[in-house]
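Colleague: The lines below spell out each chain.
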Amino acid sequence: MIKTDALIIGAGPTGLFTAHQLKLIGLNCEIVDNLDKIGGQCIELYPDKPIYDIPAIPECTGEELTNNLLEQLKPFNIKFHLGERVDELKKDNEKWKVKTSKGTEFETPNVIIAGGVGSFEPRKFSPKECEQFENKTILYSIKDKKIFDGKTVSIFGGGDSALDWALELSKISKVNLIHRRDEFRAAQATVDKVKELSNAGKINLITNSQLKTVSGNGKLEEIEIENDNKETKKLKTDFALGFFGLIMQLGPIANWGLNLNKKTVEVDTEKFETNQKGIYAVGDICNYPGKLKLILSGFHEGALAARACFKLARPNEKYRFEFTTSSKTIKNRLGVKSD
Amino acid sequence: MAKITYIENNGTSHTVDVAEGLTVMEGAVQNNIPGIDADCGGGMACATCHVYVKDEWFDKINKKSEGEDDMIDQAYEPKKSSRLSCQIQVSPEIDGLEVHLPEKQI
Numbered sequence: 069m070i071k072t073d074a075l076i077i078g079a080g081p082t083g084l085f086t087a088h089q090l091k092l093i094g095l096n097c098e099i100v101d102n103l104d105k106i107g108g109q110c111i112e113l114y115p116d117k118p119i120y121d122i123p124a125i126p127e128c129t130g131e132e133l134t135n136n137l138l139e140q141l142k143p144f145n146i147k148f149h150l151g152e153r154v155d156e157l158k159k160d161n162e163k164w165k166v167k168t169s170k171g172t173e174f175e176t177p178n179v180i181i182a183g184g185v186g187s188f189e190p191r192k193f194s195p196k197e198c199e200q201f202e203n204k205t206i207l208y209s210i211k212d213k214k215i216f217d218g219k220t221v222s223i224f225g226g227g228d229s230a231l232d233w234a235l236e237l238s239k240i241s242k243v244n245l246i247h248r249r250d251e252f253r254a255a256q257a258t259v260d261k262v263k264e265l266s267n268a269g270k271i272n273l274i275t276n277s278q279l280k281t282v283s284g285n286g287k288l289e290e291i292e293i294e295n296d297n298k299e300t301k302k303l304k305t306d307f308a309l310g311f312f313g314l315i316m317q318l319g320p321i322a323n324w325g326l327n328l329n330k331k332t333v334e335v336d337t338e339k340f341e342t343n344q345k346g347i348y349a350v351g352d353i354c355n356y357p358g359k360l361k362l363i364l365s366g367f368h369e370g371a372l373a374a375r376a377c378f379k380l381a382r383p384n385e386k387y388r389f390e391f392t393t394s395s396k397t398i399k400n401r402l403g404v405k406s407d
Numbered sequence: 010m011a012k013i014t015y016i017e018n019n020g021t022s023h024t025v026d027v028a029e030g031l032t033v034m035e036g037a038v039q040n041n042i043p044g045i046d047a048d049c050g051g052g053m054a055c056a057t058c059h060v061y062v063k064d065e066w067f068d069k070i071n072k073k074s075e076g077e078d079d080m081i082d083q084a085y086e087p088k089k090s091s092r093l094s095c096q097i098q099v100s101p102e103i104d105g106l107e108v109h110l111p112e113k114q115i
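Protein chains in written order, with our numbering: chain H, 69 to 407; chain E, 10 to 115.
By construction, these hints were calculated from the structure, which means they are not laboratory data.
Do not take every clue at face value.
[Unchecked claim] Pairs of lysine-lysine, DSSO-like flavour, derived with a Cα cap of 30 Å: (1) H:K204 <-> H:K170; (2) H:K263 <-> E:K69; (3) H:K192 <-> E:K88.
[Unchecked claim] Sample of chain H residues lacking proximity to chain E, with all beta carbon distances greater than 12 Å (derived): (4) K105; (5) K117; (6) A124; (7) I125; (8) G151; (9) E152; (10) E189; (11) G227; (12) E251; (13) Q278; (14) M316; (15) E334; (16) D352; (17) K379; (18) K386; (19) S395.
Glycine residues also receive a C-beta, built at the ideal position from the N, C-alpha and C atoms.
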């Protein structure tokens with residue numbers, strides 16, 4: 069059981085800056101994120117796209133913004149729990165007991181949800197009959213490629229993940245690569261290599277086609293695909309892999325007794341607290357009159373939520389507002405010299 | 010101003026006036042039309058404002074943006090007629106446009 073003053077859910081820009089604000093006022097915190105990397109939407113959706121409305125930064129990419137926020141957090145030793153989704157949140161006296169998908173447990177008076185538009189989950193095949201094979205012979209990520217040795221694997225998708233795995237698995241398996249159009253959104257060198265292997269008969273490349281249905285007794289045996297002219301074709305296969313990118317789902321947050329408005333959480337604008345004491349929501353996931361889904365709004369919301377956390381984490385102390393330019397205490401925390 | 014008709018997967022139809030200069034996605038969001046999520050707010054960074062546009066309209070609306078098809082690859086049940094509604098500009102020329110919504114966005 070990890071005890072901390074505040075737990076932040078989400079390692080996007082808002083979560084990172086909120087951590088900075090907590091540390092600055094002398095509180096400790098840890099961060100959990102379902103993705104296996106830091107940066108949230110900035111890294112997952114638009115690492116290379118320039119952002120033009122961060123105050124005092126005329127232009128930066130999602131990746132640069134994330135790196136700068138991490139640089140700003142350097143004086144503090146913050147523990148990240150990546151690749152873990154917060155599944156349970158329960159009140160225990162005055163504290164919150166939190167449990168992640170990997171079983172990590174926290175006890176904290178403050179939980180700050182900086183979850184963006186929810187957690188990223190793989191987009192799945194749409195035919196319902198796929199569910200019975202899911203996580204066994206129908207997969208959306210690969211943990212151990214050895215299971216494909218000598219098997220027939222049908223890979224769906226047209227991005228880097230789909231093509232990289234098609235190349236890799238073509239060394240040990242019989243690979244069908246199926247994509248809904250004939251253009252790919254992967255690195256050109258990868259696309260060239262796939263076409264070369266297709267011409268050499270080492271990858272069975274099928275374009276302008278999509279999955280129609282699957283069948284099998286206990287395990288996947290056959291898939292049926294349909295092309296743009298509605299012609300269908302059956303393929304024997306041992307595995308089907310879908311690489312259609314990630315979608316965002318609110319996930320377990322919906323079960324925590326919070327007031328929700330569509331996919332957002334209602335908060336007040338003083339503490340950014342939800343209807344549950346000690347649970348805050350900041351950044352894209354929160355909602356209040358006039359809410360703007362801007363990164364700069366997330367920074368403001370995080371700064372105020374951090375001050376609200378102080379009261380519950382240090383009930384016997386009084387919070388005193390200080391500037392980083394003049395406060396000796398803050399400079400000590402940052403590890404910089406005071407005049 | 011243009012009249013845009015949004016037809017839900019269950020057949021329910023909504024016709025609204027959308028101001029010139031907005032996108033078909035914004036027209037749906039501002040009029041609380043269910044079935045268009047627009048998680049990323051129009052940045053072409055998700056595929057949750059996905060619509061189908063029938064042949065008779067497909068060539069009349071503006072062409073796909075660069076990278077739009079890459080995002081459509083990630084949509085729920087993409088088809089030849091798929092577009093992201095955040096990339097369809099509203100103008101008087103598309104008065105009467107009909108878009109069909111998929112069964113779901115995510």
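Colleague: Give a verdict on every hint.
Modeller: Consistency of the hints with the structure:
Of the supplied pair hints, the one linking H:K204 and H:K170 holds, its CA atoms being roughly 20 Å apart against a limit of 30 Å. Annotation: proposed proximity of H:K263 to E:K69 is violated, straight-line Cα distance about 34 Å (limit 30 Å). With a C-alpha separation of about 16 Å, the suggested pair H:K192 and E:K88 falls inside the 30 Å cut-off, and the hint holds. With a minimum CB-CB distance of about 17 Å to chain E, H:K105 clears the 12 Å threshold, and the non-interface call stands.
The Cβ of H:K117 sits about 8 Å from the closest Cβ of chain E, inside the 12 Å cut-off, so the non-interface label is violated. The beta carbon of H:A124 is kept farther than 12 Å from every beta carbon of chain E, the shortest such distance being approximately 22 Å. H:I125, annotated as away from the interface, keeps every beta carbon of chain E farther than 12 Å; the closest lies near 18 Å. Against the 12 Å criterion, H:G151 stays outside the reach of chain E, whose nearest CB is about 21 Å from its own CB.
With a minimum CB-CB distance of about 22 Å to chain E, H:E152 clears the 12 Å threshold, and the non-interface call stands. Listed as outside the interface, H:E189 is inconsistent with that label: its C-beta sits roughly 9 Å from the nearest C-beta of chain E, within the 12 Å cut-off. Non-interface status of H:G227 relative to chain E is broken: a Cβ of that chain comes within 12 Å, the nearest being about 7 Å off. Distance check on H:E251: its Cβ comes as close as 7 Å (rounded) to a Cβ of chain E, failing to clear the 12 Å threshold; non-interface status is violated.
Residue placement check: H:Q278 does not keep its beta carbon more than 12 Å from all beta carbons of chain E (closest about 8 Å). Annotated as non-interface, H:M316 brings its C-beta within 12 Å of a C-beta of chain E; the closest such distance is 6 Å. Taking the minimum C-beta to C-beta distance to chain E, about 17 Å, the non-interface status of H:E334 holds against the 12 Å cut. The claim that H:D352 lies off the interface is violated: its Cβ sits roughly 9 Å from the closest Cβ of chain E, which falls inside the 12 Å cut-off.
With 12 Å as the threshold on Cβ separation, the claim that H:K379 sits away from chain E holds: the shortest Cβ distance comes to roughly 33 Å. With 12 Å as the threshold on Cβ separation, the claim that H:K386 sits away from chain E holds: the shortest Cβ distance comes to roughly 40 Å. Listed as a non-interface residue, H:S395 keeps its Cβ farther than 12 Å from every Cβ of chain E; the least gap is roughly 37 Å.
The structure shown violates the earlier hints numbered 2, 5, 10, 11, 12, 13, 14, 16.
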